[in-house]
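Chains as they are written, first to last, in my numbering: chain H, -14 to 277; chain Z, -14 to 277.
Hints should not be assumed to be uniformly reliable.
Copies of the same chain look alike in the list, so a pair counts if it works inside one copy or between any two.
Said to hold, decoys possible - Pairs of lysine to aspartate or glutamate residues, derived as EDC-like cross-links and limited to a Cα-Cα distance of at most 20 angstroms, are as follows:
#, residue 1, residue 2
1, Lys134, Asp(-10)
2, Lys244, Glu43
3, Lys(-1), Asp100
4, Lys209, Asp185
5, Lys14, Asp100
6, Lys134, Glu95
7, Lys86, Glu43
8, Lys273, Asp12
9, Lys39, Asp27
10, Lys181, Glu139
11, Lys184, Asp5
12, Lys244, Asp64
These are computed hints drawn from the structure, not numbers from a lab.
There are 2 protein chains.
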Amino acid sequence: MILLDGKKVSTELKNTIAKDVSKMIADGKPVPHLTAVLVGKDGASETYVNHKEKDCHEVGFRSTVLRFPDTIDQERLLDEIRRINADSDVSGLIVQLPLPKHISEQKVIETISPDKDVDGFHPLNAGKMLLGLPSFVSATPAGILELLKYYGVETSGKNCAVLGRSNIVGRPMANLLSQKSYPGDCTVTICHSRTKNLKDVCLQADILIAALGSPEFVGADMIKHGAVVVDVGITRVPAATKSGFRLLGDVKFDEVAAKASYITPVPGGVGPMTRVALMKNTLAAAQKIYSR
Amino acid sequence: MILLDGKKVSTELKNTIAKDVSKMIADGKPVPHLTAVLVGKDGASETYVNHKEKDCHEVGFRSTVLRFPDTIDQERLLDEIRRINADSDVSGLIVQLPLPKHISEQKVIETISPDKDVDGFHPLNAGKMLLGLPSFVSATPAGILELLKYYGVETSGKNCAVLGRSNIVGRPMANLLSQKSYPGDCTVTICHSRTKNLKDVCLQADILIAALGSPEFVGADMIKHGAVVVDVGITRVPAATKSGFRLLGDVKFDEVAAKASYITPVPGGVGPMTRVALMKNTLAAAQKIYSR
């Protein structure tokens, strides 16, 4: 069994990005600049935005966090987004979700300029991804592709089960892995809450992407011998630790690892790859190219 | 076995559209108007455009065909598209593909206003479809959904195999049928040229969508008893008929029909549903709403 070590790979990728940034500076080009918009005081959102600032710092990007109270008007927020869209000083723009209920997330997403949409949430980027055109791919699927590529995991003609059909993980993952590309050319089955024979589908999967958000849902009895297992789930469960919780993936790591050929740990697998994928997208946005 | 009779259903839907148009006229609203752009003298393209004109005539739409020689400059063609985009008199705009090699089809598609893109080929419409947002869905998958709905075919939790991953049929079909909707909520497997165990996947399918363009590829040995079989393939093969050819689907109709619960004939199945779906999209465009 080989560990798909997202921590190691993301560190290498960050070093590469940092070198690219140094070169950009040496060439007199502007430094990539990520602006994050944060509305309200959600604890998890604060953490994510802090991570993004830290990552930007590590790779040498400029980073701005614009904070607004959760009472902000939708129109005011959209105006801020339009202002950032027009600001040539900003390469990439993300709006941390969730937003307060009185604000339409879809409206916010569609107001972000597709050229700065480094989260890949704008329908234009989603459509280009679907059609196999250059686009910004959302960070989790983009990070998983990087990880599979790094380890040279064979994908062509493999059966792949994607558990979960969310717009930001399961659905793009299924589409990307079924495209004529590498990583890709898989025969993909997309599973969800209505799937009746989930275990059968999993047992036929050479590659299994678990993105359900259901802690330790996938056991060894659902895994084909030699399968590649990618665990996207990260759920906080109460535990007698200093923080008061521990992180659990969708996969029962120990027993599944015993059968798998490759497997991502939680934490240290998909999480850091997601973070570095956002940095890659931001670099691409600064270079006025798409990341894929 | 029940025939999924696209000819009958499309006729009923056309009657409904015609009534809607009469009502629009009675209400003093403008008549839906489809403009087709045809470049060069491709025989199949001429036929398709003639069908579209005939369909428009039947449902009471206005129809315009703009013909250009295959020597037209790309920029000149894009200017024509921009002019039609700006023409409030036109509800829907399609550019018949293929185009001559010196013209970028992608550039042409992306120049069509998404609000008039009744073919649903623009990446913005593809993305909205993917994300489950209101959009124009390309005519073949839209027509198939109408057909399944008309016959009340159960889809929730069913295993569905989609054979073919094209951007205009297989891929949207797979995404639509896996969405939380009706028809939808299927466990979808998308198969293609690299799929190794195609027969196994087909044998597990409660619903099989064949969109390979490979005449009579799917035989009874690949079909589960009681499966719903939708045949998208239409290939002309030479034959001793008046026209010199006959149309073959991707499915060996007689032997597969003997095992299926529902099946589309070729011709008279998906073909007429595709045609009426374009009319539905055009009506929706005229009403300034999306068709789905």
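Treating 20 angstroms as the Cα threshold, decide for Lys244 and Asp64: within, between, both or neither.
Result: close neither inside a copy nor across copies, 52 angstroms intra and 59 angstroms inter.
Intra/inter-copy verdict for Lys209 and Asp185 if alpha-carbon distance must be at most 20 angstroms:
both (10 angstroms within a copy, 16 angstroms between copies)
Can you tell me if Lys14 and Asp100 fall within 20 angstroms by alpha carbon in one copy, between copies, both or neither?
Close inside one copy (18 angstroms), not across copies (38 angstroms); limit 20 angstroms.
Please work out whether the CA atoms of Lys184 and Asp5 approach to 20 angstroms or closer within one copy, between two copies, in both situations, or in neither?
Answer is neither; intra-copy 44 angstroms and inter-copy 48 angstroms both fail.
Checking Lys134 and Glu95: alpha-carbon separation at most 20 angstroms within a copy, between copies, both or neither?
So Lys134 and Glu95 fail the 20 angstroms test inside a copy (31 angstroms) and across (31 angstroms) alike.
Using 20 angstroms as the alpha carbon limit, work out where Lys181 and Glu139 are close: within a copy, between copies, both or neither.
Between. Shortest inter-copy distance 14 angstroms satisfies the 20 angstroms Cα cut-off; intra-copy 28 angstroms does not.
With identical chains treated as interchangeable, where does the CA-CA distance between Lys244 and Glu43 reach 20 angstroms or less: within a copy, between copies, both, or neither?
Answer is neither; intra-copy 36 angstroms and inter-copy 62 angstroms both fail.
Up to 20 angstroms between alpha-carbons, please classify Lys134 paired with Asp(-10): within, between, both or neither.
For Lys134 and Asp(-10), only the intra-copy Cα distance (12 angstroms) is at most 20 angstroms; the inter-copy one is 46 angstroms.
Between copies, within a copy, both or neither: which fits Lys(-1) and Asp100 at Cα up to 20 angstroms?
For Lys(-1) and Asp100, neither the intra-copy (22 angstroms) nor the inter-copy (41 angstroms) Cα distance is at most 20 angstroms.
Cα distance capped at 20 angstroms. Does Lys86 pair with Glu43 within a copy, between copies, both, or neither?
Close neither inside one copy (34 angstroms) nor across copies (46 angstroms); limit 20 angstroms.
From the Cα coordinates, with 20 angstroms as the cut-off, is the pair Lys273 and Asp12 best called within, between, both, or neither?
Only inside one copy: Lys273 and Asp12 sit 16 angstroms apart there, 49 angstroms across copies, limit 20 angstroms.
Within a copy, between copies, both or neither: which one fits Lys39 and Asp27 at a CA-CA cutoff of 20 angstroms?
Close inside one copy (18 angstroms), not across copies (58 angstroms); limit 20 angstroms.
Consistency with the previously given hints fails for numbers 2, 3, 6, 7, 11 and 12, ordered from lowest to highest.
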